[in-house]
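**Student:** One-letter residues, chain by chain:
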Amino acid sequence: MVINALHILATGLGAAFLTGLLDEKRNGLAFMITLGALAFMSAVSAGWLVLFAATGAHPMDIQTAGTPPPFAIALRMGLAEAALLTLINLAGLFAAMHMGETLLARGRRAMAVLLVMVMALCGLVLTRDLFNLFVFFELIVIATGGLVLLSDDERAVSAGFKYLIVSQFISVLLLVGIVFGYHATGTLNIDGMAEQGSGAFALAFFLILIAVAAELKPFPANGWALDIYESAHPGFAALFSAAAASAALFAFDKVLAIGGAEWLPVATGIGIVSFVAGNLLALPQTNDRRLLGYSSIAQSGLILVAIGQQDILGEHYLFIAGGLLLSHAVAKAGLYWLSGFVAGRELTDWAALRQRPLLVLAFVTGIAMLSGLPPFPGFYAKWELVHLLANEGRLALLGWILFGALVEAGYLFRWFGYAIKRESAHTIDCPPDRVIPVIAALLAGWALGFAWGELSGRSNLLLVLPLLFALAFLLLEWAPAWLKNTLAIGGLSLYFLQTWQDYDPLRLIFLVIFTLGGAIIFLASFHAHGRRIGFYPSAMTMFAGMVLLLQATDSFGFFAAWELLTIGSYFLILRGKESEPHALSYIVFSLGGAFLILAGFAIAAASVVTLAPSGAVSPAPTFEIASLATLAQPVAPWVFLLLAIGFMTKTAAIGLHIWLPGAHAEAETDVSPMVSGVLLKAGLYGLFVLLMSMGRQSLYGVDLVNLMLWIGAITALLGNLMAIFQEDAKRLLAYSSIGQMGYALFGLALMNHLGWLMALMFVINHYVYKSMLFLSVGGVAKRTGTRAMYQMGGLITLMPLSFIATLVGIIAMSGVPPLSGFGGRWIFYNAIMDADTRLPMVLIFLSGPIAFLYLFRLIHTIFLGQLKDEHRRLKEAPLSIVLPQMIYVAILIGVAIFPGLILRRVDAYISQFLPDGALNWEGLTITSQYGWWNPVAIMIVVACIFLLIFGWLLFVNRKAQKVKQFNIVFSAERPYRPETTHFAWNFFAPYKKAMGFLVQPFVTRFWGAITDLLHTAGDLGRRLYNGNGQIYAFHFLIFVVVVFVSQLGM
Amino acid sequence: MVKRLVALALLAVFGLVFATLLTGYAPDAELNQTARYYAERTAADLGAANIVTAIIVTYRGLDTLGEVTVLFLAAAIVGLVLAEGAHDRSRMRPPVGELLTTGTRFLVPMILLLGAYVFVNGHLTPGGGFQGGAIIASAVLLMLLADPLRHFSHRLISAIESLAGILYVAIGIAGLFLAGGFLDNRILPLGNLGELASAGAIPLIYSLIGLKVGAEFSSMLASLSETEEP
Amino acid sequence: MVHVVMATGFLLILIGFYGALTHRNLLRMIVAFTVADTGVNVVIVSVGHMRGRSAPILDRAVAAADAVQRIIDPVPQALVLTAIVIGVGVTALMLAYAWRIYRQHRTLDIARLTALKG
Amino acid sequence: MSYLLPALVGLVCFAMLAAAFVAIRGAGMAIAILAAGLVSLMASVLFLVLAAPDVAMTEAAIGSGLTTFLLFFVLGRVRGGEKEEGGHG
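Chains as they are written, first to last, in our numbering: chain A, 286 to 1335; chain B, 71 to 300; chain C, 5 to 122; chain D, 76 to 164.
The hints are simulated quantities; they were obtained by calculation from the structure and are not laboratory data.
All C-beta atoms, glycine included, are put in the ideal place defined by N, C-alpha and C.
Honestly, I wouldn't trust all of these hints.
DSS-like, lysine-lysine: derived pairs with alpha carbons at most 30 Å apart [claimed, not checked]:
hint : chain 1 : residue 1 : chain 2 : residue 2
1    : C       : Lys121    : A       : Lys706
2    : A       : Lys1153   : A       : Lys1278
3    : C       : Lys121    : B       : Lys73
4    : A       : Lys1244   : A       : Lys862
5    : A       : Lys1244   : A       : Lys1153
6    : A       : Lys1277   : A       : Lys1153
Some residues of chain A that are not near chain C, with every Cβ distance over 12 Å (derived) [said to hold, decoys possible]:
hint : residue
7    : Leu424
8    : Gly508
9    : Ser744
10   : Phe754
11   : Arg1243
12   : Asn1311
Just chain A, same shape as in the assembly:
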């Protein structure tokens, strides 16, 4: 049984009046009354919400004064209203709890103001009468003016006054608009006015609309709001951002209904400008609460865009706008409440949160919700919104939305990086009663994610087994690392055993790498002690994303998996000691790439023949990935381009590669192989899928696949070239990965059978030897405490197993016989012979020897040469790190001898797509049209040659003179930078002179310039807000005039 919604308003008011009856000293009792009233109001709203959600009942009109509307004020309760009321009342309840101390100190008047504020917000949502709307607005203005004063920050007073100034202007316009609207229609009832349409009183309606819009704090008429956000008590700022903004948005939506479709573009315009500008201006912020304020403005703008696009959103409107709104409200409330625990106001002060992992989880949940990442409602909403926009061809709007979202993710994740990596002088202060609201927001966030998953009519991401498995590790954070590690390995292996039969040979290869490959690397994770908080949920989210990517058959599943693996890997990378800036550039590039993929899918969905069965809410067209093949001109090449760039961001193709070296090099010892050996393959998988389904595309006469061929070749060359100039061993390996991915890209873009086979060889080989090398180098770095190669040397005797692994890895990688790298090369050269484009091949050929140079340097400077004094007592790397390396050695030799074991089936599979040029597998011999290769024979020959040379060397070296450590002649001077005299420093100096111009950091500078440009734009924009309340009033009037003039022009 539900209770009349009027009781919500009556309870709020009655309790507010009741507190006045109490003695000044009975503040405790007044506080209990306040909490009780808010709890009752929440319960009543929740009852309505359950009723509407469960029965799908129609909205219900509630009369007052026993008289029907429009003659008396009427209220309406429906699903949206009930949801908003629940949000508002709960936000009010938790805000009261959060502010408990302050409220008790300031007494019953403060509590009464809070109660009236919540009541007025409810009224704003419920009322269907325009003038009543105005009354509630004024109540909110005054209550806000009162609650702002609860802050300890003295500046809040001036912020409140600035707000009052602007609201005076607003209310004058609103009143004038209302009375002329009444004159024209003879009613004040919103529905009655909507029936008659705003045509007769367009000007008055404009005044009403703009006044209500101003309550949404649109750019640039929002300086006052930012000052309030910055200076108010965080408990109130949460309410202001979550509840007040939501109610105002709903009121705007109601008012907009009067105007009808012709006014929708106004909402869209105001919304998108606020969204982009809010995010840009947030970029240079260093104050946490002000940054959250800018983000609130941006988010309101985004919701306003959804409101403005309701004509094309149709039945998805509530799903989208509601998803965005609830995500934002819950996340923002949680973040503001969190900010109450942080003593300092700099973003970096949030590092103090690390003392409480639970609060970090709340923080990251909030950020993920704001950024619209899965599995939260914003993700589903963004997916639908983008698709519907693309469907209508509103691509510019789509582009701006994605741009703004990327900027937002950028500053939010930068902030998160600070929290995880920086040091804070403060300690965290979180009494239990103030933690409850944060926990509530955290739980609400996940609950909403679940609800939106259910409503989406697609697979609910929170019911997908791999992700659940990953999230289960959140509950296991108390457990020791070894236990979690065992579970992780077990889970990955079990998943493989359970599902491997479902995959075609191509996907099976990726599956093996993603699951078993991951499990092998996890063996190295046994070296970690303690609980390793945060590692397992992140890593398993990444792996979950990767296996889901393989499972995905439709575009939605693919994209969701893509985002999951991106987020998981970001958290993993961020764990490295110095990785903060690199993790940030990783997530920004990755999300940028993901947004391109999203845009590509959305544009494709608009014209692809959809094969997916329609679900519960009849989802926006999700399509089978395979049906990308049915795309026709002129859409197809654009989709191809977007998707290809998106995937190439992940494979770090040249130009989009700058995130990779830092991210891979700075990661932890066992994380580097995960993100290099395993994760990069996800990008290749994407490219495989793309090329398999779309084939060749050309745009304005440019063959896009050919373009990829060139990009692959240049990436291979420059990646290798950059690798040889690195002093840092892990960076060297990271750059080498760029080069290797270039090879793979090149092979794919050859678009012939052998090219693809070779790309697959690279998928396998690169996983094995790059994981192995990262582990062995990581083990060495762990023991020596440095990654600079010139600080190592002569470690061969101390760390023989690591040496063997490196040696084998290098042989395999450089493509000399007998190991698998040679097989790769052999197929590769055969593939090149098949192709028609010869010019990029020169580049590829060039990069081969270059690869050899850096590999030589790696083994020479680390393991050979003279041992450093301080390293004399080093031991071999821990067993857990060596063990996987030995497994890789075995695999490499195995694959080298029996390449057919895997490749034969794939070869047959590829023939489906590219029938010509298949290999001929006979016994141990593999034949192409250009020649044959017998791995076993080669192995034997090479083994013989090796033994011969080795024996000869032993013979010759009998008489060799040993050079002692101090057998060096010094001059009297000590060089300024001692390392410059070391032979391993600047190892390839001559090459650098010759080819250094090729590796100038042009790309880094380019992206740096873009970043600077955005920051500068943000900084310039901030100057608008000079702090003068009168100027803010000018902003408001200018805003009105600009909207007015642009509306006239339309």
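For this one, chain A is given, so just place chains B, C and D on it according to the hints.
**Tutor:** Showing chains B, C and D alone in chain A's frame:
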């Protein structure tokens, strides 16, 4: 100077908007549907002679409840803001003239009576709770002028204010159960049009509003008077 | 006649706005706003006015039966009543703020209250 | 209809505008407050003429009376603050 020019330019646009509204305005010759309903039905349905009062107290009662709450809020916040600056009462001020003091003693009861008259008759004649409340507050003002150091019992004022508020809400809720809806005045007999005891709960509600508004204004004035002169 | 009144109301609004935009003293801004508020009230009442009709009060002069022909629109009057009361509430609040600001900063110059910006 | 009423209305309107001008541009704070109160008072006269006695009473009691008093109260508390203003604009 630039500021003034910009202000003038912006206001010119607003002037244009207002001028358009003005020139587009034509007075109604007949009452519109809403006004017609009120004109025809108020007397019969609600039993109130003053239609404006009927609208304020009943038809748009929710607005009025909000309006009262605005004053309640303003009084509470003014009290909140000024609480810190309450002056110490030991400081003496020059005495006020005898005339004013005596006049006040004489006038205050009459003013209070007038205020009560205005809001009790709100459903019959012009005026009502707000006007009556303001008149009551003027009595308080007079007392303050006569004796600036007079200390009003905030406790009493806020008790009156709260009780009136709670009763107002309670009457509103009673309307939900006993009549057609929230704030429906027909929980009491309508009586005969034009009599004091008519129009159902309207006189009662308007009296409560009068008391409440009077208390709220008084509270604001008292808070202000207790602030310290800097 | 109504047009003249309405025009006066609009002018009052504009004058009030101009004052609020150009005075840096908080109190003078508040005074300017009260002028603008009065202007709004004048506009609203003038919108509801109808030539040759009387106030919406039923008494001996206006019987309930022919009220439809005799009275002016009561709704704008009800709205103005609310608006006036709300206006004084906001004004009181702004005054309290001004006093608090003065106590804190010893100034009423809005251009000096710029601790928060950017 | 007689010409008296329109003339009265015109006169009141003109006086209101003049008072409003004084409220905005007047030299002293006290004068400005008084002028604003006067605007309000004349508005209530206007309301009476426009057949809105309820509004007229409210405007007179609250808009002109109470508001003016509130302003004077605060003015009394912050005297001196006014002089700091560096002129207009």
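**Student:** Checking each numbered hint in turn, tell me which of them this model violates, lowest number first.
**Tutor:** Those not satisfied are hints 4, 7, 8, 12.
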